[in-house]
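Chemist: Chain residues, written in single-letter form:
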Amino acid sequence: MFKKLNNIGDCGIVCDFGEEVNREINTSVIKLFYHVKKEVLKGNLNGILNYAPSYNKLIINFDLGKTNSSQIINFLKSVDFSKLNLSQNSKKWTIPVCYDFEMDLENMSKTLKMSKDEIINIHLNTDFFVYMIGFVPGHPFMGDLNSKLFLNRLKTPRVKIPPGSVGIVEKFCNIYPYESPGGWNIIGRTPTKLFNKKNESSPCLLSPGDSVKFKLISKQEFEKLTNE
Amino acid sequence: MNNYFFEVLRPGINTTFQDKGRFHMQHLGVTPGGCMDLVSFSIANALVGNTPDEGVLEFAYQGPLLKLIKGRTKIAIAGNVFFQITKSNQETFNGECNRTYALAEGDQIDILATKQSAYGYMALEGGFAIKPFLESVSILARAQIGPNEGKKIKTNDKINIKINSKNKKNFLTKVSNNNKNTIKVLKGPQFHYFSKKSQKDFFSKEYKISNLTDRMGMRLEGTVMENIVNTNIRSEGITKGAIQVPANGQPIILLTDYPTIGGYPKIANVTSADYNLLIQKTPGEKISFKLIELHEAEQLYKEHLKSISEVIKNIKEIN
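Top to bottom, those sequences are chains E and U. Numbers given in my numbering equal positions in the first sequence, counted from 1, plus 4. Numbers given in my numbering equal positions in the second sequence, counted from 1, plus 6.
Where hints are given, some of them may not hold.
As the list claims (entries may be wrong) - Straight-line alpha carbon distances no greater than 30 Å define the calculated DSBU-like cross-link-like pairs of lysine-lysine that follow:
{"id": "1", "chain 1": "U", "residue 1": "LYS308", "chain 2": "E", "residue 2": "LYS46"}
{"id": "2", "chain 1": "U", "residue 1": "LYS193", "chain 2": "E", "residue 2": "LYS7"}
{"id": "3", "chain 1": "E", "residue 1": "LYS42", "chain 2": "U", "residue 2": "LYS322"}
{"id": "4", "chain 1": "E", "residue 1": "LYS70", "chain 2": "U", "residue 2": "LYS203"}
{"id": "5", "chain 1": "E", "residue 1": "LYS164", "chain 2": "U", "residue 2": "LYS157"}
{"id": "6", "chain 1": "U", "residue 1": "LYS186", "chain 2": "E", "residue 2": "LYS8"}
{"id": "7", "chain 1": "U", "residue 1": "LYS164", "chain 2": "E", "residue 2": "LYS41"}
{"id": "8", "chain 1": "E", "residue 1": "LYS70", "chain 2": "U", "residue 2": "LYS164"}
{"id": "9", "chain 1": "U", "residue 1": "LYS157", "chain 2": "E", "residue 2": "LYS201"}
{"id": "10", "chain 1": "U", "residue 1": "LYS168", "chain 2": "E", "residue 2": "LYS8"}
{"id": "11", "chain 1": "E", "residue 1": "LYS201", "chain 2": "U", "residue 2": "LYS160"}
{"id": "12", "chain 1": "U", "residue 1": "LYS186", "chain 2": "E", "residue 2": "LYS202"}
{"id": "13", "chain 1": "E", "residue 1": "LYS201", "chain 2": "U", "residue 2": "LYS168"}
{"id": "14", "chain 1": "U", "residue 1": "LYS160", "chain 2": "E", "residue 2": "LYS70"}
{"id": "15", "chain 1": "U", "residue 1": "LYS193", "chain 2": "E", "residue 2": "LYS202"}
{"id": "16", "chain 1": "E", "residue 1": "LYS117", "chain 2": "E", "residue 2": "LYS223"}
{"id": "17", "chain 1": "E", "residue 1": "LYS8", "chain 2": "U", "residue 2": "LYS160"}
{"id": "18", "chain 1": "U", "residue 1": "LYS202", "chain 2": "E", "residue 2": "LYS7"}
{"id": "19", "chain 1": "E", "residue 1": "LYS81", "chain 2": "U", "residue 2": "LYS193"}
{"id": "20", "chain 1": "E", "residue 1": "LYS46", "chain 2": "U", "residue 2": "LYS322"}
{"id": "21", "chain 1": "E", "residue 1": "LYS70", "chain 2": "U", "residue 2": "LYS202"}
In case anyone wonders, no lab produced these hints; they're calculated from the structure.
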């Protein structure tokens, strides 16, 4: 259940679930997100243009020509959280990763005082939950990593990170869908396309609330999957 | 498919296909995008008799030089734009915005510059023959999605048009320019992160628009905003017109192609009624902000929509 509802500009509402960031709170955010999405697609909520879940907030954007903030707030207040469900919407994925493309394992190994293999094993054995997708198309933020792997962002972000790079910061793991600048600690790379515009009806692989497990692949398998 | 098309002789600085935008996708990281100036977009489409959803060409500062190689068409340019039409017999004349022109095979349209404004629009009768992606023809160049492989228009591109126009009638309307430099805003969700002095400064000092301004954001230069809580927040969803303040204290207004989530505190949010006025401001211009309440913003937006429908209602045939 959200703690506060506020307007953001004249065509947005923030459903604020509190300051804490954990899987339980994020699950509530995502349940509400799926509910709003379903109601919009059924045609029950005229004028809503977007619904963007993040760690602890859901932001709803609407067309001020068709609805307004008090109508959306009234709808949100009427939602019965006990009836919302996530399991029917969330999918399970296995994403291949090749650790030969790491950029930071050496430094991480020194900082964390554990071997590269130990870091890789923790990563491979984590059941990740997709907290949110955003910034650019298809970009997932997943958790929770064991606190033994807790690391900050790089002091100097890299100017260019290749697409498919898998990074970690704090308890989160991300995958860069596009070549971009970035400050995450890069531990490997996946050949899986997170945003495939050739798949026109549903180009984005992951959705908020999905589960992800990584599977180790060799450089040869990486090349083979990339060329497929 | 027919084969009526323009050839691009010069692409202009930032020429893309755009419509209202791509919605219901922000949760997957896809920003809505769409026309920066939705008012000029609506007027351009209405002049050529299109539905309000038809895709148009958007250009910034210097627009394209296009030659109609095959077919006939009718165009309308909206915004505040200096352009010329050169007929196939080499006769050249200056065009007027907010009216239609019939073009025949061999005619050229040269969109030279936007005047005291950033964005202009060209609509075609029947529209461009371009393929939508996720129900929109808006190009998002950063993610390479939309028609034309999601890329800006370039020299020698072929721009296909849907119909061969037989309609000889031309139309015009009158649009009044709003040159105000005060942008009305609402308080942002982290307004209280800024010191009392900064809260006061934000609404009393002027800000200069920086050269680092594009479809994604407008950077401002002026009085530094002093954050007394935290210069980062947990990343959260973004709304068009959000004014965020990173650690250096210089505000950035997030525009139409905004990143879908962001982690900087937001001091204010531009009202929908003033968004069009804002995005037509150019680097070097100075703006200031005025705080209003939600009910005023809602009322002003109603008046804004009414003024657009007046302009469209007043479209008249040229005799």
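Chemist: With the threshold set at 30 Å, check whether the alpha-carbon distance from LYS193 of chain U to LYS202 of chain E stays at or below it.
Modeler: Since the Cα atoms of LYS193 of chain U and LYS202 of chain E sit roughly 41 Å apart, the hinted pair is violated (cutoff 30 Å).
Chemist: Does the structure keep LYS70 of chain E and LYS203 of chain U at a Cα separation of 30 Å or less?
Modeler: 38 Å, violated
Chemist: Given the hinted pair LYS308 of chain U and LYS46 of chain E, is their alpha-carbon gap at most 30 Å?
Modeler: Given pair LYS308 of chain U, LYS46 of chain E holds - Cα atoms ~27 Å apart, limit 30 Å.
Chemist: Between LYS168 of chain U and LYS8 of chain E, does the CA-CA distance stay at or below 30 Å?
Modeler: 49 Å, violated
Chemist: Would the pair LYS164 of chain U and LYS41 of chain E pass a check requiring their Cα atoms to be no farther apart than 30 Å?
Modeler: 38 Å, violated
Chemist: Are LYS81 of chain E and LYS193 of chain U close enough, with their CA atoms no more than 30 Å apart?
Modeler: Measuring from Cα to Cα gives roughly 23 Å; hence the hint holds.
Chemist: Below or equal to 30 Å on CA atoms is what counts here, so check LYS70 of chain E against LYS202 of chain U.
Modeler: 36 Å, violated
Chemist: So if I understand the rule, the pair passes when the alpha-carbon distance is 30 Å or less; does LYS8 of chain E with LYS160 of chain U pass?
Modeler: 48 Å, violated
Chemist: Do the alpha carbons of LYS157 of chain U and LYS201 of chain E lie within 30 Å of each other, as the hint requires?
Modeler: Given that 30 Å is the threshold and the Cα spacing comes to 14 Å, the pair holds.
Chemist: For the pair we were handed, LYS160 of chain U and LYS70 of chain E, check the Cα-Cα distance against 30 Å.
Modeler: The given pair, whose Cα atoms are some 37 Å apart, is violated under the 30 Å limit.
Chemist: What's the verdict on LYS70 of chain E and LYS164 of chain U, does the C-alpha distance respect the 30 Å limit or exceed it?
Modeler: Outside the cut-off at roughly 37 Å; violated.
Chemist: Please work out if LYS193 of chain U and LYS7 of chain E have their alpha carbons no farther apart than 30 Å.
Modeler: 20 Å, holds
Hints 3, 4, 6, 7, 8, 10, 12, 14, 15, 17, 20 and 21, counting from the list given before, are not met by this structure.
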